[in-house]
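Using the sequences provided together with the hints, build the complete structure.
Protein chains in written order, with this note's numbering: chain A, 1 to 417; chain B, 1 to 417.
The set of hints was computed from the structure by calculation and includes no laboratory data.
One should not assume that every hint holds.
Heads up, incomplete: computed chain A residues facing chain B, CB under 7 Å, no partners named [claimed, not checked]:
1. Ile7
2. Asp87
3. Ile119
4. Ser289
Values in this document were obtained by computation on a predicted structure and should not be read as measured data.
Quick reminder that beta carbons are idealized off the backbone N, C-alpha and C, glycines included.
Chain by chain, the residues:
2 protein chains.
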Amino acid sequence: MNAGRTIEPTHRYRNNDKSVGIGNAFWDLSEENGLAGIVAELDDGVLRTGEGHTFVNFSCCSYLDLDSHPRVIEGAVEALRRYGVLDHCIPRSRVQIPALLELEHSLGELFSADVVSAISASAASAGLLPLIASGHVGDGERPLMIFDKNCHVSMAQTKPVCADETEVVTCRHHDLDFIEARCKEYSRVWYVCDGSDSLGGYAPVAELAALQDRYGLQVYYDDSHSLSAFGPRGVGYVRSVAPAANDRTVVVATLNKAFGTSGAAVLLDGHPKRTLRVIERFAGAMSYSQPLNTAAVGAGLASAEIHRSEELPALQKRLQEKIALFDAHVETAQSGSTFPIRLVPMDDEVVVEAGKRVFEAGFYVSPVFFPIVARGTAGLRVMMRAGQTDEQIRDLCSVLVEVGARPAPATRTEPGA
Amino acid sequence: MNAGRTIEPTHRYRNNDKSVGIGNAFWDLSEENGLAGIVAELDDGVLRTGEGHTFVNFSCCSYLDLDSHPRVIEGAVEALRRYGVLDHCIPRSRVQIPALLELEHSLGELFSADVVSAISASAASAGLLPLIASGHVGDGERPLMIFDKNCHVSMAQTKPVCADETEVVTCRHHDLDFIEARCKEYSRVWYVCDGSDSLGGYAPVAELAALQDRYGLQVYYDDSHSLSAFGPRGVGYVRSVAPAANDRTVVVATLNKAFGTSGAAVLLDGHPKRTLRVIERFAGAMSYSQPLNTAAVGAGLASAEIHRSEELPALQKRLQEKIALFDAHVETAQSGSTFPIRLVPMDDEVVVEAGKRVFEAGFYVSPVFFPIVARGTAGLRVMMRAGQTDEQIRDLCSVLVEVGARPAPATRTEPGA
Numbered sequence: 001m002n003a004g005r006t007i008e009p010t011h012r013y014r015n016n017d018k019s020v021g022i023g024n025a026f027w028d029l030s031e032e033n034g035l036a037g038i039v040a041e042l043d044d045g046v047l048r049t050g051e052g053h054t055f056v057n058f059s060c061c062s063y064l065d066l067d068s069h070p071r072v073i074e075g076a077v078e079a080l081r082r083y084g085v086l087d088h089c090i091p092r093s094r095v096q097i098p099a100l101l102e103l104e105h106s107l108g109e110l111f112s113a114d115v116v117s118a119i120s121a122s123a124a125s126a127g128l129l130p131l132i133a134s135g136h137v138g139d140g141e142r143p144l145m146i147f148d149k150n151c152h153v154s155m156a157q158t159k160p161v162c163a164d165e166t167e168v169v170t171c172r173h174h175d176l177d178f179i180e181a182r183c184k185e186y187s188r189v190w191y192v193c194d195g196s197d198s199l200g201g202y203a204p205v206a207e208l209a210a211l212q213d214r215y216g217l218q219v220y221y222d223d224s225h226s227l228s229a230f231g232p233r234g235v236g237y238v239r240s241v242a243p244a245a246n247d248r249t250v251v252v253a254t255l256n257k258a259f260g261t262s263g264a265a266v267l268l269d270g271h272p273k274r275t276l277r278v279i280e281r282f283a284g285a286m287s288y289s290q291p292l293n294t295a296a297v298g299a300g301l302a303s304a305e306i307h308r309s310e311e312l313p314a315l316q317k318r319l320q321e322k323i324a325l326f327d328a329h330v331e332t333a334q335s336g337s338t339f340p341i342r343l344v345p346m347d348d349e350v351v352v353e354a355g356k357r358v359f360e361a362g363f364y365v366s367p368v369f370f371p372i373v374a375r376g377t378a379g380l381r382v383m384m385r386a387g388q389t390d391e392q393i394r395d396l397c398s399v400l401v402e403v404g405a406r407p408a409p410a411t412r413t414e415p416g417a
Numbered sequence: 001m002n003a004g005r006t007i008e009p010t011h012r013y014r015n016n017d018k019s020v021g022i023g024n025a026f027w028d029l030s031e032e033n034g035l036a037g038i039v040a041e042l043d044d045g046v047l048r049t050g051e052g053h054t055f056v057n058f059s060c061c062s063y064l065d066l067d068s069h070p071r072v073i074e075g076a077v078e079a080l081r082r083y084g085v086l087d088h089c090i091p092r093s094r095v096q097i098p099a100l101l102e103l104e105h106s107l108g109e110l111f112s113a114d115v116v117s118a119i120s121a122s123a124a125s126a127g128l129l130p131l132i133a134s135g136h137v138g139d140g141e142r143p144l145m146i147f148d149k150n151c152h153v154s155m156a157q158t159k160p161v162c163a164d165e166t167e168v169v170t171c172r173h174h175d176l177d178f179i180e181a182r183c184k185e186y187s188r189v190w191y192v193c194d195g196s197d198s199l200g201g202y203a204p205v206a207e208l209a210a211l212q213d214r215y216g217l218q219v220y221y222d223d224s225h226s227l228s229a230f231g232p233r234g235v236g237y238v239r240s241v242a243p244a245a246n247d248r249t250v251v252v253a254t255l256n257k258a259f260g261t262s263g264a265a266v267l268l269d270g271h272p273k274r275t276l277r278v279i280e281r282f283a284g285a286m287s288y289s290q291p292l293n294t295a296a297v298g299a300g301l302a303s304a305e306i307h308r309s310e311e312l313p314a315l316q317k318r319l320q321e322k323i324a325l326f327d328a329h330v331e332t333a334q335s336g337s338t339f340p341i342r343l344v345p346m347d348d349e350v351v352v353e354a355g356k357r358v359f360e361a362g363f364y365v366s367p368v369f370f371p372i373v374a375r376g377t378a379g380l381r382v383m384m385r386a387g388q389t390d391e392q393i394r395d396l397c398s399v400l401v402e403v404g405a406r407p408a409p410a411t412r413t414e415p416g417a
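Structure (structure tokens):
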């Protein structure tokens, strides 16, 4: 062992000392209090730990409960039997069995877009954003890339990679003025943000669409939290507000949340075939790594069929009723929104204890607190699903109020009441 | 539209203009000649295009044909039915069903290591390498990271990310002198390379182990091409040559090649539990994105059982016989190696036409040629599998010799002859 050189990190786009240092303290405290590191068997919508504690998961993103829909599971089984392999291992740019094409065709018809599949939204963003940076998904001109400060880590982590191909900046959350100013300065600007984010907000899609029309701004959205749960045929928030029909908008969305299966879909419009080929050949792991397996393809085909049926709007309606039922009992900043996530504010001093009491009462909600959020903004994150029963929701709300949540005003009544 | 600022890329660690520019010409020419963009149904080991052309795939990495093993497929089906979901969507650091743990426990016992699963080897490397860069997989000290010039793109693509956390350099292929010199200069050095690479070579694992013993060098290997195909219980080349028992070696390997399923395994030793927790919580997509689905878990459990049985060495033996049969007819630089990939040299002027003639004769091999390899080093890449018949191999070899491959010397006879 030598004394050796000391290395000073640049920390221009990331800082593990900070993120691991801060995050690990959060996770350790969560785990010490039994609110992380939980292992439980899922049975008929209820989770049971090895110690026999049963609880309802109010922190699961399967907003329509399609993940356990019998037709989705049988679709996976049927595809495994039909194709006889999980994957025929060779890059699809050389030889492919028709599995992915079948799913992409189905999703393309469902969402009225050119659809490219990926094994995850993270793999899609890691593959696409560098090609956007270098102008290869586009007309060859390098854009300024503006990353929203709050965009999901799956996109933010590509900043140092994109920054080796073009100029990268980070803007404040949804800072439309900043974006517009850059549009006046650069002939090509891409803005990268969540279409719907995990703490419950939608992007200002209409306002961004106005900038797209005026300046040719291009926007890359991750709309994972609203696909299936929102919009006609479950097309998601972004494309419900501003249906894309040109190459100025790219939407990436996981199929692992409300859609109920595995993988991700990239929704594109107006790109020539040569650009789609460039994506297939050069979009990082989308080109060289394993694709989603045939079980996921079969499940996806089955879920797409449910999306085409009357069952989807019925499930979306049921989800909205569950959300309204929650809002009728507990007040949050999100009350009244169609978005299925609520953050129930709690004092920093009590949030962990509150999470524990809620868990003991039979409900898992995710406590978020300093150091992963600023002091004074702690809370319990609650995710609603269509399959939760009214009784479960009322019981959860009672416990939440007991541990310090603010009751809803009397003017807000239960749906149908 | 504005005149706008012009952006000059830094191109320090990557250059899409070059890689897409060069690569696209290669792919376009391959596709124009019918050697890329092929869609075909797989039926009993033979592929059939929509136009009715049938061919045997000699460019598939499922070296033991476990991908279509009936017990692997039934394992996937059984897990789907047992768990009733493809994934219960919530970060595993919060709540998880036991699926991943079950697979990791089984693979850990099989390979005598601590095993962490990932959705792909690419996701594993993108998650782990930045934590290695910042010293969080380790004792906190930032290492010099040496990436092998030829290491797979799934590792090479993390260079700009790692470079924001520590010092990153690229060395010539397997440059042991360079690595040793850096070990004398820096107190912590990680070397990142393929354990077995897609053009048919093994890393100098024994020589690297000597540097590990002498200087504390740490090595990150992607051993995807040899897992299952090589070594006792299919532990792969790296751990067969230098069984790891401490934190100086990390092996990442896909489960999507010879293992026959989906996902990837990270094989670790000697890391304290808190480091494994840091990986679970902060290793990029391994922490926040979807895990491998239950179909992959069930298939993996079934494949692991096959690895524990007498069937695995029998399959490995059969693979070696197929390789020896090929070598008895066609001479390559790899002749005599246990590795299942052969590069049959061809002149630049004839390689595409040769690939076409081989394909027309009923065999898919991958042509590689300028501009993706240097002029004068073109060839047809052939991948052997245990499930190919002797007749298929002899017929392929006849066609290869017809199109210009060098026949094996008469001294090299068929196995058993």
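Evaluation of the provided hints:
1. Ile7: Hint on A:Ile7: holds, closest Cβ of chain B at ~4 Å, below 7 Å.
2. Asp87: With a minimum Cβ separation of about 6 Å from chain B (threshold 7 Å), the hint on A:Asp87 holds.
3. Ile119: holds (6 Å)
4. Ser289: holds (4 Å)
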